[in-house]
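**Q** Listed below are the residues making up each chain.
Number of protein chains: 4
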Amino acid sequence: MFPRKDIWSNGVFAATHALNGDGEMTGTHWIRDLETLNYPIMLTNTGSVGGVMDAVAQYTTAKHPEHQWDYLPVVAETFDGALNDILGRHVHYPEVAAALDSAHDGPVEEGNVGGGTGMLCFRFKCGIGTSSRQLPANEGGYKIGVLVQANFGSREQLTIDGVPVGRELTDQLPTASNRLPIADDGKEGSIIVVVATDAPVSSVQLERIARRAGLGLARTGSTSGNSSGDLFIAFSTANVIPLRGSEKELNIRFLTTDHVEPIFRATVEATEEAILNALTMGKTMEGISGHVAYQLPYDRLATIMAKYGRPLASEPRRLF
Amino acid sequence: MFPRKDIWSNGVFAATHALNGDGEMTGTHWIRDLETLNYPIMLTNTGSVGGVMDAVAQYTTAKHPEHQWDYLPVVAETFDGALNDILGRHVHYPEVAAALDSAHDGPVEEGNVGGGTGMLCFRFKCGIGTSSRQLPANEGGYKIGVLVQANFGSREQLTIDGVPVGRELTDQLPTASNRLPIADDGKEGSIIVVVATDAPVSSVQLERIARRAGLGLARTGSTSGNSSGDLFIAFSTANVIPLRGSEKELNIRFLTTDHVEPIFRATVEATEEAILNALTMGKTMEGISGHVAYQLPYDRLATIMAKYGRPLASEPRRLF
Amino acid sequence: MFPRKDIWSNGVFAATHALNGDGEMTGTHWIRDLETLNYPIMLTNTGSVGGVMDAVAQYTTAKHPEHQWDYLPVVAETFDGALNDILGRHVHYPEVAAALDSAHDGPVEEGNVGGGTGMLCFRFKCGIGTSSRQLPANEGGYKIGVLVQANFGSREQLTIDGVPVGRELTDQLPTASNRLPIADDGKEGSIIVVVATDAPVSSVQLERIARRAGLGLARTGSTSGNSSGDLFIAFSTANVIPLRGSEKELNIRFLTTDHVEPIFRATVEATEEAILNALTMGKTMEGISGHVAYQLPYDRLATIMAKYGRPLASEPRRLF
Amino acid sequence: MFPRKDIWSNGVFAATHALNGDGEMTGTHWIRDLETLNYPIMLTNTGSVGGVMDAVAQYTTAKHPEHQWDYLPVVAETFDGALNDILGRHVHYPEVAAALDSAHDGPVEEGNVGGGTGMLCFRFKCGIGTSSRQLPANEGGYKIGVLVQANFGSREQLTIDGVPVGRELTDQLPTASNRLPIADDGKEGSIIVVVATDAPVSSVQLERIARRAGLGLARTGSTSGNSSGDLFIAFSTANVIPLRGSEKELNIRFLTTDHVEPIFRATVEATEEAILNALTMGKTMEGISGHVAYQLPYDRLATIMAKYGRPLASEPRRLF
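The listed protein sequences correspond, in order, to chains S, V, B and A.
First residue of the first sequence? That's 1150 in the numbering used here, and the numbers climb one at a time after it.
First residue of the second sequence? That's 1150 in the numbering used here, and the numbers climb one at a time after it.
First residue of the third sequence? That's 1150 in the numbering used here, and the numbers climb one at a time after it.
First residue of the fourth sequence? That's 1150 in the numbering used here, and the numbers climb one at a time after it.
Here chain S stands alone, though its shape is the one from the complex:
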């Protein structure tokens, strides 16, 4: 198992998949050929990709000099221009260093946090969401965790557990904004999906896992719009790859391909859920120029779900 303290001196097998390319995730050429993720994954808004990359280089040089000659960090983005002064490029070294210094184990904050602060899904307030699965023992007992920074979807697409919620809940659209020269009808958004597992899988198996994130996205109603940056990254902590090792050969554990199957299923399910959690954990926010995005009204959602034979068991803000 991958020791968290070692993320600056070891890599893990990783892979990426681009379902639609109108977005940025840096560092993917390396991952494709060298097969490893050697850095923290940074999520930010579209305008701050360069600033965050620069700050990661500065941070690495200052705090992890053994890693300082490597400069291919992974920084991904979605567009928060509806609520945020995205042109201001406000994320710099202090914010990046604070994020890296405060990274921790345990529960992950969701909704209006971090890179997800200004994001919208299906024209409701959205942000960061997570979900996970643990396979049963006879399928290996592996864990699959998904984190999304979600910012996509027109209202009418919104589908929860198969129920066409967006067709029933047509009001509470974000307040009109004339500041964006681009379409603001929900088609233009993006989603970054991060899939982590402790299953021993190869980088090709991880690419196949990353592809499945798109199937989970589809279950929420998305058709992956033309202007979306639907970019996925998957990594496994099972095998530890030293960054500067002297080893000539590595001894690696891989699942036989048949045994990857349950991880595909878990990835689809957890991606769907992580998106819904990003959505239901979002909180109504007033942003730049008085622009407001509303949270999904839970009570009305419960009514709709019941109408379609899917009563909600309780009243969590977090669906799953």
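These are computed hints drawn from the structure, not numbers from a lab.
Treat the hints loosely; a few may be bogus.
Identical chains blur together in the list; that is why a pair holds if it fits in one copy or across any two.
Using 20 Å as the maximum straight-line C-alpha spacing, the simulated SDA-like pairs for lysine to any residue come out as follows [said to hold, decoys possible]:
no., residue 1, residue 2
1, K1212, I1156
2, K1432, L1322
3, K1456, D1310
4, K1292, R1402
5, K1456, P1313
6, K1212, P1391
7, K1292, H1253
8, K1212, D1234
9, K1292, Y1443
10, K1212, M1454
11, K1456, E1317
12, K1292, E1410
13, K1397, D1347
14, K1397, N1287
Chain S is fixed; fit chains V, B and A onto it per the hints.
**A** Then chains V, B and A, alone, in the frame of chain S:
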């Protein structure tokens, strides 16, 4: 618009996408680099790919000598070993020539026909299915047609219009078969999706369209299993590319990328529907060794759909 | 090390790369996702791909029934229409079974043999060629073997060890042929490159190795023409992957990426040499319709090489 | 033809290819799916990718507000740590704005300039190099221009016009440097290749053109090392794609595939030459910590070339 009689002397822009690669679709190297589909698309079972390729070469030489020097036909397959004597490789020149000679405009047969004869979906009888969309005039009025040869899915995955039908309809599994050394639990199947449009789109836009077929597949419950050959091909009839022309330049019409968006949506919807039509048009069949696969019972389906707030409007065997 | 007798019950890690796609190599969707080569690699002419695929299926069913349910053989081709009755599709089960039954260890025949019988390079007679490297012990001592079926190149491109031989040796072109409706000026050819190694490398590392075959091809003067099917496959015998194993996990050995470097270099060198061996081992042949392709005149080659400061050490027909 | 003043309001068809991925070129997800290059291409060192991305965003917002909502610039890098204080990340807004403001038509500076200032090839001083071809009128008369930022190669690999120069010129290695924890033997370098043409080609044709840059690289002796970021981008100015147009359809001109062939050849040749020009235009430089890299000695080169039957016609510093 592409004149049907010219399919042996002209090509059309095309692209392919492999959501999962445990299957065969030949001719894809050409399509990736040369950007065109120059042949009829042949769908067969796994054991007959070679025989069909050979028969297409023979047919072309005999009947379209101007095309006879080209030998990169597109032949795709799914596995019908549960019902068919797949090891017998029974498809040869007569069947291939008959299929090519009898190709026609108008409605397409569905269910237990052609390459779909012996296929199963979600462990019900399945086969060939089709669906289409026409965009509204303000989105260009283009048509998008989808044809699938579907042979995938475990029962519990089956989802129709968001309703978890497979969890309610757990009986009528195919009769036990000990003849297959491979798993016969529905995980092992494949789907070939063919997307055709008259929208003027580039081969890259077609690749992006082909990717969306996977999102339609996801809506039916599939997580694209490890042993599936989920292979998609898309083509557009809007631009005609002469195979042996003397032109140095072609004048091509393309949609601006923003206007491709509705085609993505239509592709997702039509793929989902084509799969459901393949399923509901399948008819109970007894195959090799007395193995039986049952058709989806429509009356029980109607009951389940109603329970989930989705009453079926009538009683067609074809859902859409 | 991979036991040769086991090729029907075990797989090896593999990968493919298409430098240019006007050609066919079947079975590549599987290899990309499942990461293994489970079959013999079959090389034939363009017209016989289907027939050979069909024959491999028949052979497998007849002789290796434990493998009979798999039908995704790897069959690749180049175009021998200048010398051969390619429209006749003359390769069927007897030839395929004979080839498979007579496969053996030890030296490989080169020149006008097997799939290479009717091939031309740089408008000289060509065919099958091989070459290999063994890395020094401090680089792991691994072996890298390359086999090509070569059928490409205009005369003026021909470059041997950096010497512009084709600009000096402008005669002895193949006799004029009016039978081909396609260009017969040497631009239209293809090359299949097979790279085998006993180094423990991953499928991604093998894909990177396969890409290097193109760099070896470039050294001979090729610019990979529009109508070429420059398709490469690489595999490693170091890790044995059971086809029907019950193992959940595999223990795999991989080189750390730094140690793959010498294999890249060896692949480039051996590909260049294998092409030159295919060329110099070719023998003058009269084919269909009295069409003649001439072998490279060794004495004149020696004179040219000396003029450019590269005297040939002896007079082998095989350059390396 | 593309009006230079319009680069902020129009795009051009483009494509990228990664021969080896240990490097960074941002903006490639967009280019793959949206098919266009909408930004100037920025070349810098590895440590400054983030800073340059950030500066391009700032510059666009300040000077081209109509383009300010787009944030996916193309920034590529090679590693100049042997001569430069790469950890200092010294390229910021002033340098980026100055570069963009001073961009001009006409001859391009070569050698120790811009991003190429601190680069080495084959362990000689190197940097920026360019070359071009114009096809004859019967092949369309198109122009193909190549610019490289070159920083790769061990000495022994160096090959000029087929002559093994590196094996003859074994001295004048860069002075020893103990400051780099990574290997400094020339294997670790990278090359960025930019191919521009006025030929009317599709984005797929441009991807195929970009692939050919690797064949030109191979002619100089490179085997594309494990630690190289050999990243190529190609674009065509023939079709102008408005960034914010209201057009639903574009009328595009494309070459038929047969007519792309000469562009492949020209790309290979011009890439080879651009690398050699980057090498021969480099000037001896003393960098950080007194580290010195020497320029290729022209007189000794002339002697070697003559020995191999390739006398240099004159004594230009620029070979081609």
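**Q** 20 Å Cα cut-off: does K1456 pair with E1317 within a copy, between copies, both or neither?
**A** both (11 Å within a copy, 18 Å between copies)
**Q** With identical chains treated as interchangeable, where does the CA-CA distance between K1212 and P1391 reach 20 Å or less: within a copy, between copies, both, or neither?
**A** within (18 Å within a copy, 45 Å between copies)
**Q** Can you give me the call for K1456 and P1313, within, between, both or neither, at a CA distance of at most 20 Å?
**A** So K1456 and P1313 pass the 20 Å test inside a copy (11 Å) and across (15 Å) alike.
**Q** How would you classify K1292 and H1253 at a CA-CA limit of 20 Å: within, between, both, or neither?
**A** within (18 Å within a copy, 46 Å between copies)
**Q** Which holds for K1432 with L1322 at a C-alpha limit of 20 Å: within a copy, between copies, both or neither?
**A** This pair counts as within: shortest intra-copy Cα distance 14 Å, inter-copy 46 Å.
**Q** 20 Å Cα cut-off: does K1212 pair with D1234 within a copy, between copies, both or neither?
**A** The answer is between: 18 Å across copies meets 20 Å, while 30 Å in one copy does not.
**Q** Is it within, between, both or neither when you check K1292 against E1410 at 20 Å Cα-Cα?
**A** Within. Shortest intra-copy distance 14 Å satisfies the 20 Å Cα cut-off; inter-copy 35 Å does not.
**Q** Within a copy, between copies, both or neither: which one fits K1397 and D1347 at a CA-CA cutoff of 20 Å?
**A** between (24 Å within a copy, 15 Å between copies)
**Q** As a check of your reading, is K1212 near I1156 (CA-CA no more than 20 Å) within one copy, between copies, both or neither?
**A** Answer is within; shortest intra-copy Cα gap is 13 Å, inter-copy 40 Å.
**Q** Treating 20 Å as the Cα threshold, decide for K1212 and M1454: within, between, both or neither.
**A** Close neither inside one copy (50 Å) nor across copies (50 Å); limit 20 Å.
**Q** Within a copy, between copies, both or neither: where do K1397 and N1287 come within 20 Å Cα-Cα?
**A** between (34 Å within a copy, 10 Å between copies)
**Q** Regarding K1292 and Y1443, is the shortest C-alpha distance of 20 Å or less found within a copy, between copies, in both, or in neither?
**A** The answer is neither: 33 Å in one copy and 36 Å across copies each exceed 20 Å.
Hint check: violations occur at hints 9 and 10; the rest are consistent with the structure.
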